[in-house]
Amino acid sequence: MSDARADILHRIQSRLRGGPVGEATATALGERLRAHPRSLVPARAKELDRPARITLFIAMAEEVQATVARVARAEDAPAAVARYLAERNLPARVVLTPDPRVMELPWRETALALRAGVAHDTDTAGVSGCFAAIAETGTLMLVSAPDRPTRNSFLPETHIVLLRAEDITGFYEEAWDRLRAACWTGAGFAMPRTVNFVTGPSRTGDIAQKIELGAHGPMRLHIVLIDDAAPA
Amino acid sequence: MEATSRSFPANARRALADWGLQDALHTMARQGFAVKRAQAAARLPEFETLRGLAKDMKNEVLQNLDFYLETYERAVSAAGGVVHWCRDAAEARAAVLTICRTAGARIVTKGKSMIGEEIALNEHLEAAGFEPVETDLGEYIIQIRHEPPSHIVAPAVHLSKEQVAESFRATHRDLDPDRPLSEPRQMLDEARALLRRKFLAAEVGITGANFLIAETGSSIIVTNEGNGDLTQSLPRVHIVLASIEKVVPTLEDATLLLRLLARSATGQEFSTYTTVSTGPKRADDLDGPEEYHVILLDNGRSALLGGEMQDMLRCIRCAACLNHCPVYGAIGGHAYGWVYPGPMGAVLTPTLIGVGEAGHLPNASTFCGRCESVCPMQIPLPNLMRHWREREFDARLAPAAARYGIALWSFLALHPRLYRFVAEAAARVLGWCGMKRGRFRTLPLAAGWTNVRDMPAPQGRSFMSQWAKRR
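Protein chains in written order, with the numbering used here: chain A, 1 to 232; chain B, 233 to 703.
Incorrect hints may appear among the rest.
To be verified - Mimicking DSSO-like on lysine-lysine, the simulated pairs with C-alpha atoms at most 27 angstroms apart in a straight line are:
1) B:Lys393 <-> A:Lys210
2) B:Lys393 <-> B:Lys268
3) B:Lys287 <-> A:Lys46
4) B:Lys393 <-> B:Lys430
5) B:Lys268 <-> A:Lys210
6) B:Lys393 <-> A:Lys46
7) A:Lys210 <-> B:Lys430
Stated by the list, open to error - Using C-beta positions, here's what the derived DEER-type ranges look like:
8) A:Thr27 <-> B:Leu640: 53 to 61 angstroms
9) B:Ala242 <-> A:Arg17: 38 to 46 angstroms
10) B:Phe599 <-> A:Ile211: 30 to 38 angstroms
11) A:Ala113 <-> B:Asp421: 19 to 27 angstroms
12) B:His258 <-> A:Gly30: 47 to 55 angstroms
13) A:Asp121 <-> B:Arg238: 28 to 36 angstroms
14) B:Cys600 <-> A:His120: 49 to 57 angstroms
15) B:His378 <-> A:His120: 30 to 38 angstroms
16) B:Pro277 <-> A:Asp121: 39 to 47 angstroms
No lab work stands behind these hints: they were computed from the structure. Idealized CB from N, CA, C, for every residue including glycine.
Please take these sequences and the hints and turn them into a complete structure.
Shown next as structure tokens:
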């Protein structure tokens, strides 16, 4: 197989210039990779203050059938989750992502049946935290880690995400900057294994071009927005 | 898959007479992707500027493709993944089969991948004793119907809900034969339950890649169903199928393309799930695959570099060109006879299976230019089709009558005086013949036109001579 590698690279080089890229070019390209410059950012998401970011995020998320509830304090989130499930007559049990920011909340004050860990097929509702959100398109950004398994966002029919208002960024490049800062090691940027951008619940239009929700992933996406500036 | 592009004219005739297909195509034209794309593009004032920036970015990548691929490979290895370089379809299939065998796989789930179709992976997985299961709903439907996809984004767009219900009844035999299946919702629930079991049982998951990131060694998949995520996060082994031109330098560069992809494809602001994967699960992760393999396929793409066809390597497979093509809109995707239909297929297919096999496809265009006008990567599709027509002509692959006709016309076009004389004479003769009726029902050598409509008779003088007189 190493032959194939040499062969493909040789073919590319002979079509383009007859040899590897020159030293100067390689240096310039390496610089560009390290600088990772932004391209054009849509004006709708730029230079928004906090309330404007929140408003845009909610509008865009609701447009794609996510639902949003606002609470003033993180401690209020478990009750909001219980209320959401009760209002929709959904089973009163949740699997919590074992993320300390989720686990530290007063879940035991609710009547919910609780489990913490990796989601199974039998879990009806999953609760996750999230790394950031992007107002531009109403998108949640979830990042994997030992206490943040990926499948919890996909297996349960109902996915509930706790989002802190200060984690709502305007646009994608801002979210990448946050990730680069959060995953910076001595050796540079260490990309996490999985970054999930989630924009609304799962959907398909594959049968007779009719959009239906809940294709393989969650049927419902509920966002509990923790905003200390929220009206009580 | 066996290409039937050679019989494109017969395929097209069949498609035009297929009422079910015509119905689906009309639904598509009325309320489908083209309408939604126009709305999404109008909502983003920067859309046109982004197209130009995306084109420039990708051109730079192609100019230094070897550099970016080597950078990408280093990053994949650093994250614990393995890159398998494959020159052609056979090498790619062999690499996938070896990984599946080593993993002791039985069930292999698959996310949507056009490369998978290009290398006919399912057939080979089956022949080797594995059970490949397509998990994108549209791909699953065509898999159980043993059909190729008719669209690169919506593979089952040619089918009615009744046809899908029929296939579900024929395939899911352990279910109650009297169950209601009249609505898409019911069929979706049935497929969801059935495929959920496959997701959980699979040992290997295979996905495509919309983009590869050189900087981080990541692969990106974009789906609406979430099937790709279940495919790549549940099994023990994840295989990514990607062709060499999918690489972009950084996360920011991928973001530029992601702003164009969903809007151009389905008119969404952003697809439901965009997932960036980097290597296998980490030391203390609770889930994720233990192995992460990338099949990096060339299959003729490197030969397009540095030549007139290089622009095609910018393609991000959004299908906007299919959705806006009057020819695709009339005949659907199957008539094109291979994996890639529509304008992008008319350009790409001859490069992959040869102009001798697929020479009809670049001829199946009126050069109306809609494809180029909506292509997010500004690929000059009509121009590239014209290149193929020229090559077909040079290789004497076109029918003799067409070749002599074109040779005659080009001789005349290069001799303006003679051209004007012949045009004037033809206008006079035809004008005289058609004087009474003003149009022709039949004309020699023009049956292709007159079989379906009348040919208006010229008014007796050519444009050039009328113009000369007026001056």
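Each hint, compared with the structure:
Between B:Lys393 and A:Lys210, the direct Cα distance comes to roughly 10 angstroms. Compliance with the 27 angstroms bound is thereby established for this hinted pair. Our distance criterion of 27 angstroms between C-alpha atoms is met by B:Lys393 and B:Lys268, whose separation comes to about 22 angstroms. Our distance criterion of 27 angstroms between C-alpha atoms is met by B:Lys287 and A:Lys46, whose separation comes to about 23 angstroms. Taking the CA atoms of B:Lys393 and B:Lys430, the gap is near 23 angstroms; set against the 27 angstroms cutoff, the hint holds.
Of the pairs offered as hints, the one joining B:Lys268 and A:Lys210 holds, with about 14 angstroms between alpha carbons and a cut-off of 27 angstroms not exceeded. For a cut-off of 27 angstroms, the pair hint linking B:Lys393 to A:Lys46 is broken: about 43 angstroms separates their Cα positions. The straight-line distance between the Cα atoms of A:Lys210 and B:Lys430 is roughly 25 angstroms, inside the 27 angstroms bound, and the hint therefore holds. The given range of 53 to 61 angstroms is respected by A:Thr27 and B:Leu640, whose C-beta atoms sit roughly 56 angstroms from each other.
A hinted range of 38 to 46 angstroms holds for the C-beta pair B:Ala242 and A:Arg17, which are about 44 angstroms apart. Evaluation of the 30 to 38 angstroms hint for B:Phe599 and A:Ile211 yields a pass: the beta carbon distance comes to about 34 angstroms. Under the hint 19 to 27 angstroms, the C-beta atoms of A:Ala113 and B:Asp421, about 25 angstroms apart, fit the expected range. Remark: the range hint 47 to 55 angstroms for B:His258 to A:Gly30 is upheld by a beta-carbon distance near 52 angstroms.
Range check, A:Asp121 to B:Arg238: Cβ separation about 47 angstroms, and the 28 to 36 angstroms hint is violated. Under the hint 49 to 57 angstroms, the C-beta atoms of B:Cys600 and A:His120, about 53 angstroms apart, fit the expected range. Hint check: B:His378 to A:His120, Cβ distance near 34 angstroms, so the stated range 30 to 38 angstroms holds. About 44 angstroms separates the C-beta atoms of B:Pro277 and A:Asp121, a value consistent with the hinted range of 39 to 47 angstroms.
Violated hints for the displayed structure, listed by number in ascending order: 6, 13.
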